[in-house]
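Using the sequences plus the hints, can you model the full thing?
2 protein chains.
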Amino acid sequence: MTLYLEDLVAGQRFTSGAHEMTAEAIKTFARQFDPQPFHLDDVAAQDTFFHGLAASGWHTAAVTMRLLVESDMTLAGGVIGAGGELTWPRPTRPGDVLTLESLVLAVTASKSKPERGLVTVHSRTLNQKGEVVQDMTSRMLVWRKPLA
Amino acid sequence: MTLYLEDLVAGQRFTSGAHEMTAEAIKTFARQFDPQPFHLDDVAAQDTFFHGLAASGWHTAAVTMRLLVESDMTLAGGVIGAGGELTWPRPTRPGDVLTLESLVLAVTASKSKPERGLVTVHSRTLNQKGEVVQDMTSRMLVWRKPLA
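Quick mapping for you: the protein sequence lines, in order, are chains A and B. When we follow this note's numbering, the leftmost residue of the first sequence carries the number 985, and every step to the right adds one. When we follow this note's numbering, the leftmost residue of the second sequence carries the number 985, and every step to the right adds one.
Because the hints were derived from the structure by calculation, they are not lab data. Careful, some of the hints might be misleading.
Intra- or inter-copy, both count: the list cannot distinguish identical chains.
[Unchecked claim] When the alpha-carbon atoms are kept at most 20 Å apart in a straight line, the in silico SDA-like pairs for lysine to any residue are as follows:
1. K1011 x S1094
2. K1011 x G1062
3. K1097 x V1027
4. K1129 x T986
5. K1011 x G1061
6. K1011 x Q1030
Below is the structure:
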């Protein structure tokens, strides 16, 4: 089902599939975007803040986007983020299996643009133990239903 | 020069090298992390909100991290983000050349952890026209100088 602004209400929840974070994917992402020892090398990572290999927070964020795009929050015209706030309460580790839980916090029609609105969504990315590895509140652009 | 908490002061500025966003890199990132028509396909992107191919905001964020890691803000122990707020005021397009400007907003010693503190940094990711494609305020963990 394709969702328009009119289909969304505060309190609505959406869920996603699962994504496993392999050590190889963690290192590949880090080589491209976040080349630091604790994301690249199992041994060197031991003597760092993370005490072992950990995914870049931006890798966790990117995988979260993938889970959102493939979730049951199937927005008309796609998922278009305007921005948000995020924290990483604990690292994502090799072998972690991530899932996403999203909760609609607010639905606001635009005053100036009659064809759209903004939805504020709280998304928690969880590992296989149910621990939060990313907590994000984001604003997404959502289209209104076209007039008949 | 390796920077500790004591080396950082509010008002300090850091700059980065440049990174070109190619159409191929935009599509490769999107296939992995944000598979939506406006990030994947030049033709399909025309009829969307973006009116042409645009990078995933998470791709811009990941490249920003790369620019930060390679910038002259060379933090002891690496760049360890605790979280932040970000917006994407305009899309990143194929051929855009991104650079990063960072400004230290606040430097705070930890009350409970004598060996570290938090630095709040405002980072603007600019395209080759000087337009802001990502605006982020982030909190980073920074180590104090070890006692002699």
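Verification of the hints:
1. K1011 x S1094: neither (42 Å within a copy, 31 Å between copies)
2. K1011 x G1062: between (29 Å within a copy, 16 Å between copies)
3. K1097 x V1027: neither (53 Å within a copy, 25 Å between copies)
4. K1129 x T986: Classified as within; 10 Å inside a copy, 55 Å across copies.
5. K1011 x G1061: So K1011 and G1061 pass the 20 Å test across copies only (18 Å; inside, 33 Å).
6. K1011 x Q1030: within (15 Å within a copy, 34 Å between copies)
Hints 1 and 3 from the earlier list are contradicted by this structure; the remaining hints agree with it.
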